[in-house]
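**Student:** Here is what each chain is made of, one letter per residue.
Protein chains: 4
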Amino acid sequence: MIVSNTHTHVSNVPAKERAHSRTYSFVHGNHQANRARLLISCPDQPGIVAHVSQFLYEQGANIVHSNQYSTDPESGLFFMRVEFDIPDLDTHKNTLHNQFQPIAEKFAMDWKLSLANQRKRMAIFVSKEEHCLRELLWQWQNGDLYAEIPVIISNHPIAKKTVESLGVPFFHIPVTRDTKAEAERQQLKILEQYQVDFVVLARYMQILSSNFNQIYKNQIINIHHSFLPAFIGSNPYARAYERGVKLIGATAHYVTENLDEGPIIEQDVQRVTHQYDIEELKRIGAQIERTVLARAVSWHLEDRILIHQNKTIVFE
Amino acid sequence: MIVSNTHTHVSNVPAKERAHSRTYSFVHGNHQANRARLLISCPDQPGIVAHVSQFLYEQGANIVHSNQYSTDPESGLFFMRVEFDIPDLDTHKNTLHNQFQPIAEKFAMDWKLSLANQRKRMAIFVSKEEHCLRELLWQWQNGDLYAEIPVIISNHPIAKKTVESLGVPFFHIPVTRDTKAEAERQQLKILEQYQVDFVVLARYMQILSSNFNQIYKNQIINIHHSFLPAFIGSNPYARAYERGVKLIGATAHYVTENLDEGPIIEQDVQRVTHQYDIEELKRIGAQIERTVLARAVSWHLEDRILIHQNKTIVFE
Amino acid sequence: MIVSNTHTHVSNVPAKERAHSRTYSFVHGNHQANRARLLISCPDQPGIVAHVSQFLYEQGANIVHSNQYSTDPESGLFFMRVEFDIPDLDTHKNTLHNQFQPIAEKFAMDWKLSLANQRKRMAIFVSKEEHCLRELLWQWQNGDLYAEIPVIISNHPIAKKTVESLGVPFFHIPVTRDTKAEAERQQLKILEQYQVDFVVLARYMQILSSNFNQIYKNQIINIHHSFLPAFIGSNPYARAYERGVKLIGATAHYVTENLDEGPIIEQDVQRVTHQYDIEELKRIGAQIERTVLARAVSWHLEDRILIHQNKTIVFE
Amino acid sequence: MIVSNTHTHVSNVPAKERAHSRTYSFVHGNHQANRARLLISCPDQPGIVAHVSQFLYEQGANIVHSNQYSTDPESGLFFMRVEFDIPDLDTHKNTLHNQFQPIAEKFAMDWKLSLANQRKRMAIFVSKEEHCLRELLWQWQNGDLYAEIPVIISNHPIAKKTVESLGVPFFHIPVTRDTKAEAERQQLKILEQYQVDFVVLARYMQILSSNFNQIYKNQIINIHHSFLPAFIGSNPYARAYERGVKLIGATAHYVTENLDEGPIIEQDVQRVTHQYDIEELKRIGAQIERTVLARAVSWHLEDRILIHQNKTIVFE
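Residue numbers (UniProt numbering), protein chains in the order written: chain A, 1 to 316; chain B, 1 to 316; chain C, 1 to 316; chain D, 1 to 316.
Isolated chain A, as found in the complex (with noise of 0.2 Å):
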């Protein structure tokens, strides 16, 4: 279960970056300032939605989305999302998340406050290839995406042009096999001195070691270049063009222990022909690949998805 309650941020980031975020105008962020999601999951039973629903209209707030989904009415898990908006959101953070332990409680639920006006911190990895990273980027600037981005981290010092340019910081860190323990501590104290809620693998390919997933578990997304479970592993363009399928496809997922066996977030397809050699597949692909990460990336931002054991619940 992936909800737990909302952390907060002693704000230190570097001055540079800070300054940065505020220039760019997001278009979500005007009419947001009283806006919360309230994520919960639990053993399904009934009440739950009467009772959150009483508590929310007697704080006053207003619900704007609601969603939710059991496994089963019966014996079931149960997992509800609700975005609301409530008067001067700010002043009644804490009453709110005090005032709501008690039904949490009643309902042993795994629950989650979080405001819509509070960026999450998000890092880009990175290696040769741009185009993943490129579109969050675009994204970002244009407002699609509401985050902060206070550090990216490569492996390549490639994309380092088109980092700066955007007065993001930007770390080279080489990794080889000997490499590889240090080069992970590294990129663990810079998370941890930018302040990183969650890290994405934006054609990021280095695995991260058992402790990395562990430290950044359930808040690492990665973007595999196949229609997962087809084409674990690597040269995924290479094999499908081997098998002569006829749709290539993109994955979105947590990463978790097991390579490209994390929670599916997101996936499409496009459709080829026997004419495309492996580099127009990869082209093909790189398409998809763009779209489908922004997508789970974007859906993670706005806290609609859940995991349940290794999937994922997503509230569209």
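Hints listed in this document are in silico derivations from the structure and should not be mistaken for laboratory results.
Here the structure is a predicted model, which means the values were calculated and not measured.
Some hints here could point you the wrong way.
In this list, chains with the same sequence are indistinguishable; a pair is considered to hold if it fits within one copy or across any two.
Restricting the straight-line Cα-Cα distance to at most 30 Å, the calculated cross-link-like pairs of lysine-lysine (DSS-like) are [stated by the list, open to error]:
1. Lys189 <-> Lys160
2. Lys120 <-> Lys161
3. Lys128 <-> Lys160
Position chains B, C and D against the provided structure of chain A, taking the given hints into account.
**Tutor:** Chains B, C and D alone, transformed into the frame defined by chain A:
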């Protein structure tokens, strides 16, 4: 607003038909004896969800699905669909209805309570082209459309064999400019006699009168063979060919006074190229038409559609 | 390489069937009396197209469609499909065949000349689920699949009524582990007796023997209910559900020795969400299966598919 | 008919630009030094393919791709695109041209010979919204669009920074009702000075004059933000919202006298629901627009598009 109190039928259906409809076992049928759906629309204000869910909780209901939508949380309209299980629904039904009335009044709700195991009675109108009719009959036979089909009416005799082989009464009512009014009188009489709830125009190539539309207001679903609002009117495939579009489509919509301008329920498209002549567009289009219509009909049967002004809210 | 000289049948089809097949008027039938298709594969080198088109020109042919593909213009394999009209095709057929022989030899061609108005004889194998069978029969009835269907075989009696209502002979041949060899002997005897050109496995849930596959090499089309190579083997929908994929699919392929690993002809997918249980995945999947299979069969019937190694070249 | 003899430029491009364009290595560049494309349209009759392929064979060419289409083999128009490799293309070019002339005359061909390594010079016009511009620039930088971009013109200063960071000259030419004629004079002068072959309107929100369209006849590509012919004219997203469509789309087309009615090159759509407000439709639509426009531009660059009456033949 379409929602209204549920209409119940005194069951005087022709015996043959009733016997017939019982011969199919519907996949959704078994576990739905205690399932109901509440459809609500009303001015948005805080407290609606709280009151509705509190009410259901007190009735001992377990919410299975719940969807809501507001055109504007501040001063808009609010739409809700709740699907729930409640023990001994049959005996509770009237109580449920009566006890909800005060809440409905408090919030000025337009509302409808619908029992999942009470199949809607659907008439199908068809002309010469059978592909949409067949898709509906097939999905119905297969248990994918949970409906009664008491009667099928056509202005041509072509579909007679297909229809009667399934034991469904078929009426051939020819329509010419001169006989149109009389033909509609016959049609309406048959619909009444067979206690039809709603009508599907499965490529029925006659325009119904204002009077007919009024009697079955928001209860007639048509399939138009284009991606509306492109190619309103006749011969859409020929016009799509002339225009050189790269996608052709189909649109299922509720019928209103204005031809092809009623609320859209569902649309889909398929890619075509310069190589396709009009006949091939028709052949491809036929596949889209039957898929789109069947999807729209299934949503109508499951009370997933609310109408607001000239648009639909579809709770999938 | 699949292409081979065209096989012609002495027509001793059961009278009933032949009478039947004439009762449908096929849309493509009329104008195709003089239409032929030439399928070629050979090592690529300059001059192939020049020689083939010069030959057709001299024969008085008018090229209607022409497609070609080369794995590598320098040293690869070349594939070509030419569709052409030629006056008095019936009387010219043998001449055409003989006079092309020297060109075929010059370029070491594997080739086949196929007459558009000579319908291929297709047997359908089915088990319990009828949706793919029905789609094929329906499109066939409607003239969209230009084939003869001399016989349908099943290991269950379920489809008997559907099949015989269309006047097509139906054979129920049960298969158990013990009777499998004998059952295949019967099946093969029937296929021979009805002069079947190719076999469609329309959700036939038995694995054919090596021997069977050899006899109808590249002439058996199967529909697998997943997006191959994901979920090879049994219960793909259950496994798709377990894995939490966001798209489900179906794959039509030629059958080879290795289960679900033959050359892919066509694939398609549809979006699903966490809300769909296994039954719903099956229901949605059934729609994809029948569409994908019907498309693959129509391409086979129109000689649009060449096989190269384990892949198909589809000239749409 | 658009095809015409190829136009060659005396190269007097501004030095800065030329230096710049050489800094990108294009993926398709290396192996295309000896590749040419022949585009033909003429009345259909037997022998065209035979003569063309015989000619290419005699010239020592190896055909790489060949596509053809006939509106009607009996008395229609014939369209052909042949892509071929020929040794020492540079030295052969004029000979090739001259020697093909007799064949072209024999069949009354409209034709064009185009060298794959000769990049077309593309100007981009843009207003305030940068998403289409950026997609084109990005794909161009990445080598996916094999073009020169000598100049970008806008009626707003917004895109200046984006454009100049890539070293491409940017001209801000404001347009008001009063200055429109003068503005067009300036635009045309710049296009001439930079030897522009064709113009892409990447969300350029001004209507070009008849005169402008005539000068760049069939050489102006526009992106319209709807699925044409639905929502011709202004504010298509607002109108799509009003109509309640379930798919929104975008259309790339050549510009003609009649607004939004020129030959359609490419279209695509994406599913939306009742939940999307106009702003969200715009955001989703922006993704479709940039994909559709980039695809249309790449086909234009690769000489894959022929225009016939008001329709395109796209040889993919």
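**Student:** Work down the list of hints and note, for each, if the structure agrees.
**Tutor:** Each hint, compared with the structure:
Proximity of Lys189 and Lys160 under a CA criterion of 30 Å is satisfied intra-copy only: 20 Å inside one chain copy versus 38 Å between copies. For a Cα distance limit of 30 Å, the shortest separation of Lys120 from Lys161 qualifies both inside one copy, at 24 Å, and across copies, at 28 Å. Both within a single protomer and between protomers do Lys128 and Lys160 lie at most 30 Å apart by alpha-carbon distance, with minima of 11 Å and 28 Å respectively.
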